[in-house]
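Number of protein chains: 2
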Amino acid sequence: MSGNGQHTHGNGAGANGNGYKVPTGRAEWIVKRKAEAERTGDWNMSQMHFARKGLITEEMAFVAQKEKISAELVRSEVAKGTMIIPANINHVELEPMAIGVESLCKINANIGNSALVSNVDEELRKLHTAVHFGADTVMDLSTGGDIPMIREQILRHSPVPIGTVPLYEALSRVKRVEDLNIDLYLEVIEEQAQQGVDYFTIHAGVLIQYVPLVAKRITGIVSRGGAIMAQWMTAHHKQNFLYENFDRITKVMAKYDVSYSLGDGLRPGCVADASDEAQFAELKTLGELTRQAWKSDVQVMIEGPGHVPMDKIKEQVDKEVELCDGAPFYVLGPLVTDIAPGYDHITSAIGAAMIGWHGAAMLCYVTPKEHLGLPNEKDVKDGIIAYKIAAHAADIARHRPGARDRDDAISHARYTFDWDKQFALSLDPDTARGMHDETLPDDYYKEAAFCSMCGPKFCSMNWSSKVDEFNAKEHGLKKPDLTQIVTEQMALRS
Amino acid sequence: MSGNGQHTHGNGAGANGNGYKVPTGRAEWIVKRKAEAERTGDWNMSQMHFARKGLITEEMAFVAQKEKISAELVRSEVAKGTMIIPANINHVELEPMAIGVESLCKINANIGNSALVSNVDEELRKLHTAVHFGADTVMDLSTGGDIPMIREQILRHSPVPIGTVPLYEALSRVKRVEDLNIDLYLEVIEEQAQQGVDYFTIHAGVLIQYVPLVAKRITGIVSRGGAIMAQWMTAHHKQNFLYENFDRITKVMAKYDVSYSLGDGLRPGCVADASDEAQFAELKTLGELTRQAWKSDVQVMIEGPGHVPMDKIKEQVDKEVELCDGAPFYVLGPLVTDIAPGYDHITSAIGAAMIGWHGAAMLCYVTPKEHLGLPNEKDVKDGIIAYKIAAHAADIARHRPGARDRDDAISHARYTFDWDKQFALSLDPDTARGMHDETLPDDYYKEAAFCSMCGPKFCSMNWSSKVDEFNAKEHGLKKPDLTQIVTEQMALRS
Ligand code: SF4
Ligand code: SF4
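Heads up: the protein sequence lines correspond to chains A and B, in order.
Residue 1 is where the first sequence starts when you use the UniProt record's numbering, and the numbers rise one by one after that.
Residue 1 is where the second sequence starts when you use the UniProt record's numbering, and the numbers rise one by one after that.
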C-alpha cells in the first residue's frame, strides 16, 4: 500500500474495480511543484489553482486514466469546481482520485475511535478492510485517545484520501465547548494539514440565525459538528467563528491543497425533518462559502443528508446544484426510513443509490451499527459492500461509460454455469462462494448446470440453454458474444 | 396462528405493524356463502364477484379495518380489479389481507424446498420466521420431496395467503417437460385449490412467438415456469397450453376463489436484459389475460421483474398499469445491479423500494442466497427485513396515511435517549439491542444520553438538547409533542 511500485487494490474490489496502477513518485511531483513555488512565490498548491492556470497536473492525468476520460475534461471540471481531486501535498502515499459528476460515483467509509472504544490497531484493520473492499476515501473521525497519533498511522498507511473533522480534535483539547476559539482551530488545522489530511469537514454554514429553525424538529441537530457549533453560538450569543474566519481557514487549505468538505451541520436526523427550512437555509450559506473558497482556488465539496424519504431525494440534488453551483455533492446515506436500527446500511443504501443516480458525486457509507454504537471491522465491511452496490447501481443508471461491463460479465458467467468466474467477478467472492458451497461444496458442482436453489430438474437457466439451441437451429439466432468483456473484467480482478 | 381467537403477529413486526386482530370464524362465513350458492346456483366464490354485485364481504370489512380505509373503498377497488384479496374459501386459517395501490405496500416471502434440500420442519420454521418478521404472503415453491404434504402443513399453519406455482408439481409428476399437458395441469390445480392455496402463479403469457425474442439476451429465460413452458413449446412446436386453455383454468380459480398471479416468464435475468421486447410483449399478453379473467370475476395480479437498472424502474410500473389496466403489480426485487451475489437482498431492496414508491402493490423478497442456493431460515429473515424496509419506505414516499408514525415515534425515542423504546419500535428489536449492548451492556446505559458511537462528550443529540433549552428560553420555541404517536405505536407492538 505504499506510493511506489505497481499493484491493484485487494481482490480488485477496490476503487470501482478499475484495476488502476499506483503512480510512482508522487513525492517527486510535489518537490518539483515546491521548487516552482519557490521561484514564483505562488504557494497556492491546490489542484484547482493549477487547473485554472490551464495546467494538467500528474494527479489529473492519473485520474483521467483511471476514469477513462480525457485529462482535459478532468482539468476543466476541476477548474470549474464541479470535480475535486482531494490530494494534500503531504499525503504522498496517495493514489489520486476524483470526486465529481463526470467521474464514477465514489464511496467514503468513516472509521475512527470514540472515547469509549479506542485502539489504533483496530482502526488500521478497519482502514485495510475499507480499502480492500473498495472505499474511495476514508474519514478518520476519532474523538478519543491519541488523536494525532492514530491519524498519522492512518495517513501513512492509506492510498486513499483521508478526511477529518478538525473540530473534534479542537474540542478534545479544551474542557468545554465554550472554550473553543478560532486560534485553537487554526492551530489544529495547520497541524492536520501538515500531516497530510486531504479534506476537512468544516461546519461554517451553521449560522446563529438558523438555530431557532431547528426547534420544530423531532431530532434537532444530529451532526456532531453542527451541534457543537450551535452550542458554542448559543453559549456566547455570537456568530459561528468558522464562518467569521472563513478566509483565514481558506489560506491554510490553499497552502497544502486540503479540500473543503462543507459540513451540513443542520442535516435532518429523521425522515420527518428532511428538506426543512433549517436545512436549506444552511445549504444556501454553503453555496456562498463555496464561491468564497473558489476565489482562492480552493477545492470544495458539499455535504448532504442524512435521512430523506424517497420522494424528496431528487430535490436534494437539484437544490444543491442550484445553490452551490454544482460543487460535488457528498451525501451521508440518506436513510429512507428510521425504523430499522441494526440495518441502516440497507435503509441508507436505498437512498444512496437513488441520490447517486440523481447526481451525488460521493456517498458516505452508513454501517449496520449506526445510531447504536461504534462500528467494528465487520460493520465496516458490511457498510462498504452496501455502498459499493449503491454507487455501482448509480453508475449504471447514469449510463457512465463501461459501468455495466462487470454486470454483463458476471451475468454471462452465471448463465453459462461458470461458477468460479461468477464468484471472482463478485463484490465479495468469498461470501458468494461460501453461500454456494453451504449445500454443494464439492468441486464437481463448480461446473454443474444447476445449484441447490432449484435443483437440476428445475434450473431455469439449464432449460433456457435448450431454448437457445432451438432459436439457433430454427431461427438462426445467436447469443451475443461476451468473451471480450468477460476477459477484460476477469483481468481487472486477477 | 389459527383462525380463531385474538392475537397480533409476533412482536408486532407483522403485517406492517398494524397490530390487527385475527377474525373469528372465517369457516362460518364460507359455510354461509356455500348455502347461498346452493340456493342460487351461483358458485363463483371470488371476492371480485361479490364486490361487483355490490356486496361487502367479511374479508373486505376486515381488510378495511386493517388498512384504515373504508370498506366501500375496498369493495370498489376489488370490483375494479385494482385490489385483490387472495382468500381461497378452503384456507380458513387465513387472516384476510389486500394487495393493491390503495392499501399498504405488501411483501411476499418464498419458501419451499428443492430436490436437493428437503425437510418439512425446516419449511415450517421458515414460514414461522417469515410471518413473525412481517411477510404479508408466502409462496411455497417446493419442487422436491412430498410436495402436497409440505403444502398441506404450510397451509394449515399459515395466517397469511399462500401462493404456489402449480407447474412445479405438474412437472414433478412426469418424467420429461415434454410430457406436461393440460389435463394433468387441471388435475393439479384442482387439488391445490381444494387444499386452500390462495394464489397461483401461472405462466400463460409466454407465447411461442416470443421465444425468438430472447435470443439476444445475456441470460435468456430465468423464470423457472417461463423456461419450462418455452422448452415445452419448442419441443412440441405448439402454443403455450396454459394460454390455449385459459378459460378452463379460470373456472377452477372462480370456484375456490384462487387469485391469478400472472407469471412473467420472460422477466429479465440481468440488468442488460431489462425492459426488452420479449418482456413487454409478454406483459401485453398478460394484460389481455387479465381482462379475460375479469370477465369471470376472477382476481388477478401481475408479476414483474427481476433485474432492472434504476433509470428504468418507473417505466416498468407505467407500462404495467397501461397494459394491464392497473391490476396489482407484484414484483420480484428488482435487483439494480448483478455484481453482488451474496447480497442480493440489498441490490434488490433498492429496486423494490423504488418500484413500491412508483406503485407496485407487493414486493417479492430476494434473499442473500439468491443465485447461489436454497435459502435457509437466516436467509429468510434477512430477506424479510430488507423487504419490510423497502415496503415501508415506499409507503412513506407515497404518503400513505399514518405511514410515517412509526418513524416519528422511533426518532423521538432516539432523540430523548429512550433506548428501550427505540429497540421496541424497531423492525428487529433483538438485533438493535444486541448491537447497542455490544459495547455498553449495562442497564445503566439504557438511559444514558450517548452511546459508544460518539461517546458522551461528542454525542450530538446530547448537545442538541441544550440548544433546545436555548430556543425555549430565548425564543419561546417548543419541540413538537409526540407523546400520542409514541404511545399508539408502542401499544401496537406490545
Ligand atoms: S438452480 Fe436456479 S438459482 Fe441455481 S443456477 Fe439454476 S436457475 Fe440459477
Ligand atoms: S453518541 Fe452519537 S450515535 Fe450515540 S446517541 Fe449520541 S449522537 Fe447518537
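Treat the hints as calculated values from the structure; they're not laboratory data.
Being a predicted model, the structure only gives us computed values, none of them experimental.
Hints may be right or wrong, so weigh each one.
Put simply, identical chains are the same to the list, so a pair is met inside one copy or across any two.
Here are the simulated DSBU-like cross-link-like pairs (lysine-lysine), alpha carbons at most 30 Å apart as the crow flies [as the list claims (entries may be wrong)]:
1. LYS295 x LYS284
2. LYS381 x LYS421
3. LYS378 x LYS421
4. LYS312 x LYS68
5. LYS446 x LYS381
6. LYS378 x LYS446
7. LYS478 x LYS295
8. LYS479 x LYS295
9. LYS295 x LYS175
10. LYS53 x LYS32
11. LYS473 x LYS32
12. LYS68 x LYS378
13. LYS68 x LYS175
14. LYS381 x LYS238
15. LYS421 x LYS284
16. LYS216 x LYS312
17. LYS478 x LYS284
18. LYS421 x LYS446
19. LYS32 x LYS238
20. LYS68 x LYS457
21. LYS378 x LYS255
Evaluated hints:
1. With identical chains, the CA atoms of LYS295 and LYS284 are at most 30 Å apart within one copy only, with a shortest distance of 17 Å there and 57 Å across copies.
2. Taking CA atoms no more than 30 Å apart as the test, LYS381 paired with LYS421 passes in both settings, with 22 Å inside one copy and 28 Å between copies.
3. In this assembly of identical chains, the alpha carbons of LYS378 and LYS421 lie at most 30 Å apart whether taken from the same copy (25 Å) or from different copies (26 Å).
4. Taking the shortest alpha-carbon separations for LYS312 and LYS68, only the inter-copy value of 25 Å comes in at or below 30 Å, while the best intra-copy value is 32 Å.
5. In the homo-oligomer, the alpha carbons of LYS446 and LYS381 lie at most 30 Å apart both inside one protomer (26 Å) and across protomers (27 Å), since each shortest distance falls under that limit.
6. Proximity of LYS378 to LYS446 under the C-alpha cut-off of 30 Å is found in both arrangements, the shortest distances being 28 Å within a copy and 24 Å between copies.
7. In this homomeric assembly, LYS478 and LYS295 never come within 30 Å of each other (Cα to Cα): the closest approach is 58 Å inside a single copy and 41 Å across copies.
8. Taking the shortest Cα distances, LYS479 and LYS295 never come within 30 Å of each other, neither inside one copy (55 Å) nor across copies (40 Å).
9. For the identical chains of this complex, LYS295 and LYS175 are neighbours neither inside a copy (36 Å) nor across copies (77 Å), given an alpha-carbon limit of 30 Å.
10. Proximity of LYS53 to LYS32 under the C-alpha cut-off of 30 Å is restricted to the intra-copy arrangement: shortest distance 17 Å within a copy versus 86 Å between copies.
11. In the homo-oligomer, the alpha carbons of LYS473 and LYS32 never lie at most 30 Å apart, since the shortest distance is 66 Å inside one protomer and 58 Å across protomers.
12. When the C-alpha separation of LYS68 and LYS378 is checked against a cutoff of 30 Å, the pair qualifies neither within a copy, at 32 Å, nor between copies, at 41 Å.
13. Taking the shortest Cα distances, LYS68 and LYS175 never come within 30 Å of each other, neither inside one copy (50 Å) nor across copies (53 Å).
14. Taking the shortest alpha-carbon separations for LYS381 and LYS238, neither the intra-copy value of 42 Å nor the inter-copy value of 51 Å comes in at or below 30 Å.
15. In the homo-oligomer, the alpha carbons of LYS421 and LYS284 never lie at most 30 Å apart, since the shortest distance is 49 Å inside one protomer and 36 Å across protomers.
16. Taking CA atoms no more than 30 Å apart as the test, LYS216 paired with LYS312 passes inside one copy only; the shortest distance there is 19 Å, against 38 Å between copies.
17. For the identical chains of this complex, LYS478 and LYS284 are inter-copy neighbours only, at 25 Å across copies versus 56 Å inside a copy, given an alpha-carbon limit of 30 Å.
18. Taking the shortest alpha-carbon separations for LYS421 and LYS446, only the intra-copy value of 10 Å comes in at or below 30 Å, while the best inter-copy value is 48 Å.
19. With identical chains, the CA atoms of LYS32 and LYS238 are never at most 30 Å apart, being 44 Å at best within one copy and 76 Å at best between copies.
20. In this assembly of identical chains, the alpha carbons of LYS68 and LYS457 never lie at most 30 Å apart, being 44 Å within a copy and 45 Å across copies at closest.
21. In the homo-oligomer, the alpha carbons of LYS378 and LYS255 never lie at most 30 Å apart, since the shortest distance is 38 Å inside one protomer and 53 Å across protomers.
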